[in-house]
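Those protein sequence lines, which keep their order, are chains S, F and V.
Just so you know, we're using full-length UniProt numbering here: the first sequence kicks off at 1 and counts up by one.
Just so you know, we're using full-length UniProt numbering here: the second sequence kicks off at 1 and counts up by one.
Just so you know, we're using full-length UniProt numbering here: the third sequence kicks off at 1 and counts up by one.
Hints in this document: simulated from the structure, not taken from any laboratory.
It should be emphasised that the depicted structure is a prediction, and the values quoted were computed from it without experimental measurement.
Treat the hints with caution; some may be incorrect.
In the DSBU-like style, the derived pairs of lysine-lysine whose C-alpha atoms are separated by at most 35 Å in a straight line are [unchecked claim]:
| no. | chain 1 | residue 1 | chain 2 | residue 2 |
| --- | --- | --- | --- | --- |
| 1 | F | K141 | S | K218 |
| 2 | S | K146 | F | K141 |
| 3 | F | K141 | V | K118 |
| 4 | S | K218 | S | K146 |
The calculated label-pair distances, taken between Cβ atoms and stated as ranges, are [unchecked claim]:
| no. | chain 1 | residue 1 | chain 2 | residue 2 | range |
| --- | --- | --- | --- | --- | --- |
| 5 | F | L479 | V | I33 | 27 to 37 Å |
| 6 | S | A149 | V | R65 | 53 to 63 Å |
| 7 | S | E134 | F | D2 | 48 to 58 Å |
| 8 | S | A294 | F | L130 | 43 to 53 Å |
The beta-carbon is built from N, C-alpha and C at its ideal position, and this holds for glycine as well.
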Amino acid sequence: MAQVSRIGSFASVAALLATTALAQSYPERQITMVVPFAAGGPTDTVGRLIGEKMSEELGQQIIVENVGGAGGTLGAAQVAEAEPDGYTILLHHIGMATSETLYRELPYETLEAFATIGLVTEVPMTVVARADFEPADMAAFVAYVKENADTITMANAGIGAASHLCGMLLMQALDAPIVTVPYRGTGPAMTELVGGQIDIMCDQTTNTTEQIQGGTIKAYAVTTPERLDLFPDLPTASEAGLQGLDVTVWHGIYAPAGTPQEAIDRLSSALQAALADPAIAEQLAELGTAPSPAEDATPAALETRLNEEIERWRPIIEAAGVYAD
Amino acid sequence: MDLLSNLALGFATAASPANLLFCLIGVILGTLIGVLPGIGATATIAMLLPITFQLEPVSSLIMLAGIYYGAQYGGSTTAILINMPGESSSAVTAIDGYQMARRGKAGTALAVAALGSFFAGSVATLLVALFAPPLTTVALKFGAAEYFSLMVLGLVCAVALAHGSFLKALAMVVLGLLLGLAGTDIYTGAPRFTLGLPELADGFNFVALAVGVFGIAEILRNLEGSQGSREVLGQRLGGLFPSRADLRAMVAPMLRGTMLGSILGVLPGGGAILASFGSYTIEKRLSATPEEFGRGAIAGVAGPESANNAGAQTSFIPLLTLGIPANPVMALMVGAMIIQGIVPGPNVATEQPDLFWGIIASMWIGNLMLIVLNLPLIGIWVKLLKVPYHILFPIIIAFSSIGVYSVKGNAFDLFAVAAFGLLGYVFLKLRCEPAPLLLGFVLGPLLEENLRRAMILGRGDPSVFLTRPISAALLALTLGVIAVMLMPRIRRKREEVFVAED
Amino acid sequence: MRDRTFDPTDVAAGVIFILLGLAFGFSALGLEIGTSLRMGPGYAPLVLAGVLTLLGVLILASGLRSHPDEAIGPLAWRGAAFLLPAPILFGLTVRGLGFVPALFLATLLAAFASPRMKPWQALALAVTVTAFSTIVFSYALGLPFRRFGPWLAQ
């Protein structure tokens, strides 16, 4: 027992020393960025792009560790339990807010377990359909889907996926119970949409842009408040008279709660600097998205967003009655 | 003559000294990491992916493709030498390849695998260059009903994998299907067989299952008895290269395997998985000596290895023509492309012809490099078997642990390795074979998912399976296979009856 | 040895399949079965668990009627006792102790699964494997493993 307490007090002294020394020296070794999804996915891509630029700013390597599983909650749980020393951070998307409701047995308290660092990017979504879907434009789409709701099928990439969230919003906005068909990931869902096996889907531009431009699928609207430079001809949902279909897949960077303020500030300023880099803007534009402005890449902005989104999705998910555990 | 000019462009791109070098580096690295036991193609690519980020887009993808083929070769090597498949496709190679190795024909098995892969790779690359767009159209005709029927056909093939008791093989398939269903149900979010563990939300890890029931179980068998670690592979290693008769025996299986693999590889929803299993079934059916299968039949290595490699090649088709990844490895490649600033989509072929054709050309160059590299290496691999077994197996355990852990960074997968190792050993002792279990595991989620999807899309009408022509054809084929499988049994029964009457 | 009238491997396999079938079936009971249009998550598991149990019964029955054609042979008790805990040990310690000590301990433990292994050999082997893997995976490939973990920090 004495042994333990001696180690304990030694540890706390060491931690104290570390904190005071941190201001000048952080970061002094490589930082692990946990991406709670498989390597090669869209979130992983955002993480690697931004991680590389932030490494240049910080003068220390940020290495991406993919801890996939359970809709991103396994990776998040791992970061929640990690030492709050600034050397383990998390890159997560909108799922950070929705899993609070989607998972009834979440192993962490989202708002208590993490410190926010900043928003990275917001990926817009598009309402798309198979290439030979009948309606000519968004107004016709709304009317057609409402009329034929019981014969129209809508794909999504699984519970909690962006396409699932957007699909729930779309059904709520249309007030039409469309038949939902889940797939295991975006790849198979998109294949069947291109193949005309299924009618409609709502997914991130990351996944749809190339297919829309290639003419293999048809786009009707974007889910942002304003039109996108990428698709100047596509109306917003509200332009077409569909209210409430306003959703983006926002990505944020987090650290375990209790991470020293110096480290948070350093990471946040590195994030802002990275996002200001024209090369990053160009690469994100390829994905149909843009870097978050500097005022959003702050701890306060992400914290506000996280709070808002948790509250926003709670009633929608509860109304749909779909849980991931 | 478009094709010729396209191929010329492709080879001009791929054969630049820098790209040749990156292809070679990729092939070598892929082979060296992939040959470590328990580390399959997915783990190898995930490990080596970051290295390619610094390169030019074309070079990066060429190197990545090289890593992919190299890792596949490496995976087959460990499947043959120590019964340790790191991927579903090489699980079939392990069945007869390992038996050949135990009989001192490891060199022959490795050479047959290498030659079969090279031939299949060359043919399939040509198919990709010639027919990628029309083949894509066929692939897109596959919906849930077609996939379900295809998986049923695959399931019937699964039973043929076993050479022992029919009932036990069937039970192992069903157990595999059940294990495959573990995890969160994608339709309702209900957790199934997860024992309340969040680590099981996405089901069991295939690599953990394969390493456990094949590799660990085999090591335990070799550690039996008071002596412990008997000399497994004997001292006689036989000739390294296949004899003329061996080569003759591999030609037909290789051709059939290549054909089957090329067709199934195009289907993005898990078709390629069936290629090597299907090829094994066909060879066993057509063989004059089916009793040799499971005891080291050359056709049982040549067919599946060719099918596997042809499928690996043609599974690039959906990626190249649509930008949609067909499997986790392809998904990794898409990630690499995006990081390079290329978002893969249906326009890659027209917008970036040098990239598109450069990758196709480098597929063939990569395969050529592999065969040149690997035939001389066979001698070295086989010599590794002379390392005393009690030295070898701790090394295998160490690398498998790293390999399994590196896939998802999840410690739970390592506990699963131990559990499946024990399960696999028990089944081994009870003469229940692991290959049907593995196929069931891979097919389980596909089968159920597509059945449920087809029923939703078909409004609950089961006739969709018969009214859609491709699905109906596949089900008819399934019935045919069952009939052929039952025939020898019926005949034998009848002969027994006649004998009794005499 | 008296002549047995049943095949122990088939009997044991049958019993195991029956137990597994019942276990899977039991844990699938709480799941919704659904309808043919909207099959619930419990549909396939319940059907398959039933089939597995039935196959187990058939295997058990055929085992009781046939003679053993091959003995079960010796069991790898020592092998299982040292080998199976090795990956578990690695999994438990790789984050806390770090990659290097975790791999060293796991390899060392696995090495003792064979009675032929002398202690100094096992030690040398574990050191070699650990050094090789650390160089290849951690330094050369840059995999995100912590070489020495927080448990060793103080």
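Enumerate the violated hints, using their earlier numbering and listing them in ascending order.
3, 7
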